[in-house]
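Given only the sequences and the hints, what does the whole structure look like? Please build it.
Everything in the sequence shown is counted per my numbering, starting at 9 for the first residue and increasing by one.
Just so you know, the hints here were simulated from the structure itself, not pulled from any lab data.
No incorrect hints appear here.
Listed next, with one range per pair, are the computed distances between beta-carbon atoms:
#1 Y162 with L70: 36 to 44 Å
#2 M9 with L88: 20 to 28 Å
#3 V42 with T13: 21 to 29 Å
#4 T242 with N61: 41 to 49 Å
#5 R214 with D114: 51 to 59 Å
#6 T213 with I108: 49 to 57 Å
#7 P217 with G109: 52 to 60 Å
#8 A49 with K164: 29 to 37 Å
#9 A222 with G87: 22 to 30 Å
#10 T213 with I145: 25 to 33 Å
#11 R68 with D113: 42 to 50 Å
Backbone N, C-alpha and C define an ideal beta-carbon position, used for all residues, glycine too.
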Amino acid sequence: MDTTTLILATTFAPFAGFVIAILFLHRAPQLAQVVVTASAAVALGGAVQLWLNGPAEPLRYLWFTSGAIDLYFGFLLDGLNLMFGVAVALITLCVIVYSIGYMADDPSKTRYFALLAFFEWAMLSFVYAVDLLQSFIFWELVGLASFFLIGFWYQKPSAAEAARKAFLMTRIGDVGLLIGVLLVMMTAGHFDIPGLLDPDVGLVTRLAPATLTAITLLIFVGIVGKSAQFPLHTWLPDA
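Have a look at this one:
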(Lines of atoms letter the chains of each structure in order from A and count residues from 1; the text may use other names and numbers.)
(Lines give C-alpha, C1' and ligand atoms only; values in the text may rest on other atoms or scores of the structure.)
Protein backbone atom coordinates (compact mmCIF):
# COMPACT_ATOMS: atom_id res chain seq x y z
CA MET A 1 0.00 0.00 0.00
CA ASP A 2 1.46 3.38 -0.98
CA THR A 3 2.09 6.22 1.47
CA THR A 4 -0.84 8.35 0.32
CA THR A 5 -3.34 5.52 0.79
CA LEU A 6 -1.86 4.65 4.18
CA ILE A 7 -2.01 8.17 5.59
CA LEU A 8 -5.54 8.73 4.29
CA ALA A 9 -6.70 5.44 5.82
CA THR A 10 -4.98 6.27 9.10
CA THR A 11 -6.48 9.72 9.51
CA PHE A 12 -9.91 9.28 7.92
CA ALA A 13 -10.85 5.86 9.33
CA PRO A 14 -11.74 7.44 12.72
CA PHE A 15 -13.69 10.19 10.96
CA ALA A 16 -15.65 7.55 9.05
CA GLY A 17 -16.33 5.75 12.34
CA PHE A 18 -17.59 9.00 13.87
CA VAL A 19 -19.90 9.82 10.96
CA ILE A 20 -21.36 6.32 10.74
CA ALA A 21 -21.94 6.06 14.49
CA ILE A 22 -23.40 9.52 15.06
CA LEU A 23 -25.66 9.57 11.98
CA PHE A 24 -26.83 6.00 11.54
CA LEU A 25 -26.35 3.97 14.73
CA HIS A 26 -28.28 5.83 17.45
CA ARG A 27 -30.51 2.79 17.92
CA ALA A 28 -27.68 0.26 17.58
CA PRO A 29 -25.13 1.05 20.30
CA GLN A 30 -23.49 -2.37 20.13
CA LEU A 31 -22.86 -1.94 16.42
CA ALA A 32 -21.64 1.61 17.00
CA GLN A 33 -18.93 0.45 19.37
CA VAL A 34 -17.90 -2.26 16.90
CA VAL A 35 -17.63 0.28 14.07
CA VAL A 36 -15.63 2.74 16.18
CA THR A 37 -13.34 0.00 17.49
CA ALA A 38 -12.73 -1.23 13.94
CA SER A 39 -11.97 2.30 12.74
CA ALA A 40 -9.46 2.76 15.57
CA ALA A 41 -7.84 -0.58 14.71
CA VAL A 42 -7.49 0.50 11.07
CA ALA A 43 -5.92 3.78 12.22
CA LEU A 44 -3.44 1.94 14.42
CA GLY A 45 -2.54 -0.50 11.65
CA GLY A 46 -1.95 2.37 9.24
CA ALA A 47 0.07 4.38 11.77
CA VAL A 48 2.29 1.41 12.56
CA GLN A 49 2.89 0.69 8.87
CA LEU A 50 3.76 4.33 8.21
CA TRP A 51 6.21 4.22 11.12
CA LEU A 52 7.78 1.00 9.84
CA ASN A 53 8.12 2.51 6.36
CA GLY A 54 10.09 5.40 7.84
CA PRO A 55 10.12 9.12 7.03
CA ALA A 56 8.73 10.16 3.65
CA GLU A 57 8.32 13.34 1.65
CA PRO A 58 5.50 15.60 2.92
CA LEU A 59 2.20 15.33 1.07
CA ARG A 60 0.70 18.71 0.17
CA TYR A 61 -2.60 19.64 -1.46
CA LEU A 62 -3.34 23.28 -2.27
CA TRP A 63 -6.25 24.37 -0.09
CA PHE A 64 -6.74 27.92 -1.30
CA THR A 65 -4.76 31.00 -2.30
CA SER A 66 -5.14 34.45 -0.76
CA GLY A 67 -3.04 37.05 -2.53
CA ALA A 68 0.54 35.86 -2.44
CA ILE A 69 -0.19 33.31 0.30
CA ASP A 70 -0.77 29.66 -0.59
CA LEU A 71 -2.44 27.57 2.11
CA TYR A 72 -1.98 23.82 2.00
CA PHE A 73 -3.66 20.81 3.54
CA GLY A 74 -1.38 17.83 3.85
CA PHE A 75 0.63 15.42 5.92
CA LEU A 76 4.10 15.69 7.42
CA LEU A 77 5.75 12.29 7.71
CA ASP A 78 8.99 12.72 9.61
CA GLY A 79 10.24 10.56 12.47
CA LEU A 80 8.55 12.57 15.23
CA ASN A 81 5.14 12.70 13.53
CA LEU A 82 5.22 8.99 12.75
CA MET A 83 6.11 8.07 16.34
CA PHE A 84 3.38 10.23 17.85
CA GLY A 85 0.88 8.93 15.30
CA VAL A 86 1.45 5.40 16.61
CA ALA A 87 1.18 6.62 20.22
CA VAL A 88 -2.13 8.41 19.60
CA ALA A 89 -3.66 5.50 17.69
CA LEU A 90 -2.51 2.91 20.25
CA ILE A 91 -3.72 4.83 23.30
CA THR A 92 -7.06 5.60 21.65
CA LEU A 93 -7.67 1.97 20.79
CA CYS A 94 -6.86 0.97 24.38
CA VAL A 95 -9.30 3.60 25.69
CA ILE A 96 -12.02 2.38 23.33
CA VAL A 97 -11.54 -1.27 24.29
CA TYR A 98 -11.61 -0.39 28.00
CA SER A 99 -14.73 1.73 27.47
CA ILE A 100 -16.68 -1.20 26.04
CA GLY A 101 -17.01 -2.59 29.55
CA TYR A 102 -17.00 0.72 31.38
CA MET A 103 -19.89 2.12 29.32
CA ALA A 104 -21.78 -1.16 28.95
CA ASP A 105 -24.94 0.04 30.72
CA ASP A 106 -24.91 3.66 29.58
CA PRO A 107 -27.89 4.47 27.32
CA SER A 108 -25.89 7.15 25.45
CA LYS A 109 -22.83 5.09 24.64
CA THR A 110 -23.27 5.55 20.88
CA ARG A 111 -22.61 9.26 21.37
CA TYR A 112 -19.65 8.48 23.61
CA PHE A 113 -17.94 6.17 21.11
CA ALA A 114 -18.65 8.59 18.28
CA LEU A 115 -16.95 11.37 20.27
CA LEU A 116 -13.92 9.16 20.89
CA ALA A 117 -13.64 8.57 17.14
CA PHE A 118 -13.94 12.32 16.49
CA PHE A 119 -11.26 12.99 19.10
CA GLU A 120 -8.89 10.49 17.46
CA TRP A 121 -9.48 11.95 13.99
CA ALA A 122 -8.74 15.47 15.23
CA MET A 123 -5.66 14.38 17.17
CA LEU A 124 -4.16 12.35 14.30
CA SER A 125 -4.87 15.15 11.85
CA PHE A 126 -3.07 17.54 14.20
CA VAL A 127 -0.09 15.21 14.61
CA TYR A 128 0.40 14.71 10.87
CA ALA A 129 -0.37 18.32 9.82
CA VAL A 130 2.07 19.83 7.31
CA ASP A 131 0.81 23.40 7.70
CA LEU A 132 0.75 25.51 10.86
CA LEU A 133 -2.76 26.84 10.17
CA GLN A 134 -3.95 23.28 9.61
CA SER A 135 -2.35 22.38 12.95
CA PHE A 136 -4.25 25.17 14.69
CA ILE A 137 -7.59 24.13 13.18
CA PHE A 138 -7.25 20.54 14.37
CA TRP A 139 -5.85 21.73 17.71
CA GLU A 140 -9.15 23.54 18.19
CA LEU A 141 -11.13 20.47 17.13
CA VAL A 142 -9.27 18.43 19.75
CA GLY A 143 -10.41 21.02 22.30
CA LEU A 144 -13.99 20.77 21.03
CA ALA A 145 -13.92 16.98 21.40
CA SER A 146 -12.53 17.34 24.92
CA PHE A 147 -15.35 19.74 25.80
CA PHE A 148 -18.03 17.27 24.72
CA LEU A 149 -16.34 14.32 26.43
CA ILE A 150 -15.83 16.18 29.72
CA GLY A 151 -19.48 17.24 29.63
CA PHE A 152 -20.74 13.88 28.37
CA TRP A 153 -23.05 13.46 31.38
CA TYR A 154 -24.31 17.00 30.90
CA GLN A 155 -27.37 16.30 33.06
CA LYS A 156 -25.04 16.54 36.07
CA PRO A 157 -24.36 20.18 36.96
CA SER A 158 -20.80 19.29 37.99
CA ALA A 159 -20.04 17.78 34.57
CA ALA A 160 -21.54 20.70 32.68
CA GLU A 161 -19.59 23.19 34.81
CA ALA A 162 -16.35 21.22 34.38
CA ALA A 163 -16.80 21.24 30.61
CA ARG A 164 -17.39 25.00 30.55
CA LYS A 165 -14.38 25.61 32.77
CA ALA A 166 -12.12 23.45 30.60
CA PHE A 167 -13.35 25.18 27.47
CA LEU A 168 -12.75 28.68 28.83
CA MET A 169 -9.36 27.94 30.39
CA THR A 170 -7.99 26.29 27.26
CA ARG A 171 -9.30 29.16 25.14
CA ILE A 172 -7.06 31.50 27.12
CA GLY A 173 -4.08 29.44 26.05
CA ASP A 174 -5.35 29.20 22.50
CA VAL A 175 -5.46 32.98 22.17
CA GLY A 176 -1.72 33.01 22.79
CA LEU A 177 -1.25 30.19 20.30
CA LEU A 178 -3.28 32.00 17.64
CA ILE A 179 -1.28 35.20 18.10
CA GLY A 180 1.92 33.18 17.76
CA VAL A 181 0.68 31.53 14.57
CA LEU A 182 -0.28 34.89 13.09
CA LEU A 183 3.14 36.32 13.98
CA VAL A 184 4.72 33.42 12.11
CA MET A 185 2.63 34.31 9.07
CA MET A 186 3.53 38.00 9.31
CA THR A 187 7.26 37.32 9.60
CA ALA A 188 7.73 34.25 7.39
CA GLY A 189 4.96 34.77 4.83
CA HIS A 190 3.73 31.17 4.99
CA PHE A 191 2.56 28.42 7.34
CA ASP A 192 4.52 25.50 5.84
CA ILE A 193 6.09 23.61 8.77
CA PRO A 194 9.04 22.04 6.88
CA GLY A 195 9.87 25.46 5.45
CA LEU A 196 9.65 27.09 8.87
CA LEU A 197 12.06 24.52 10.30
CA ASP A 198 14.51 24.60 7.39
CA PRO A 199 18.00 25.22 8.88
CA ASP A 200 19.00 27.41 5.92
CA VAL A 201 15.93 29.57 5.29
CA GLY A 202 13.62 28.84 8.24
CA LEU A 203 12.51 31.05 11.10
CA VAL A 204 15.70 30.61 13.13
CA THR A 205 17.84 32.16 10.41
CA ARG A 206 15.42 34.95 9.44
CA LEU A 207 14.15 36.41 12.70
CA ALA A 208 15.67 38.51 15.42
CA PRO A 209 16.13 36.55 18.67
CA ALA A 210 13.54 38.70 20.47
CA THR A 211 10.87 38.01 17.81
CA LEU A 212 11.63 34.29 17.79
CA THR A 213 11.43 34.20 21.58
CA ALA A 214 8.06 35.99 21.55
CA ILE A 215 6.62 33.53 19.01
CA THR A 216 7.94 30.56 20.99
CA LEU A 217 6.45 31.82 24.26
CA LEU A 218 3.07 32.53 22.67
CA ILE A 219 2.88 29.04 21.20
CA PHE A 220 3.99 27.66 24.56
CA VAL A 221 1.04 29.43 26.23
CA GLY A 222 -1.31 27.36 24.05
CA ILE A 223 0.48 24.17 25.07
CA VAL A 224 0.28 25.15 28.75
CA GLY A 225 -3.48 25.58 28.50
CA LYS A 226 -4.18 22.33 26.68
CA SER A 227 -1.89 20.23 28.88
CA ALA A 228 -3.20 21.80 32.11
CA GLN A 229 0.10 23.24 33.29
CA PHE A 230 0.37 26.03 35.88
CA PRO A 231 -1.24 28.55 35.87
CA LEU A 232 -3.85 27.19 33.42
CA HIS A 233 -4.21 23.89 35.24
CA THR A 234 -7.30 24.39 37.39
CA TRP A 235 -9.73 22.85 34.87
CA LEU A 236 -8.14 19.40 35.03
CA PRO A 237 -9.19 18.28 38.56
CA ASP A 238 -12.81 19.12 37.79
CA ALA A 239 -12.66 17.39 34.42
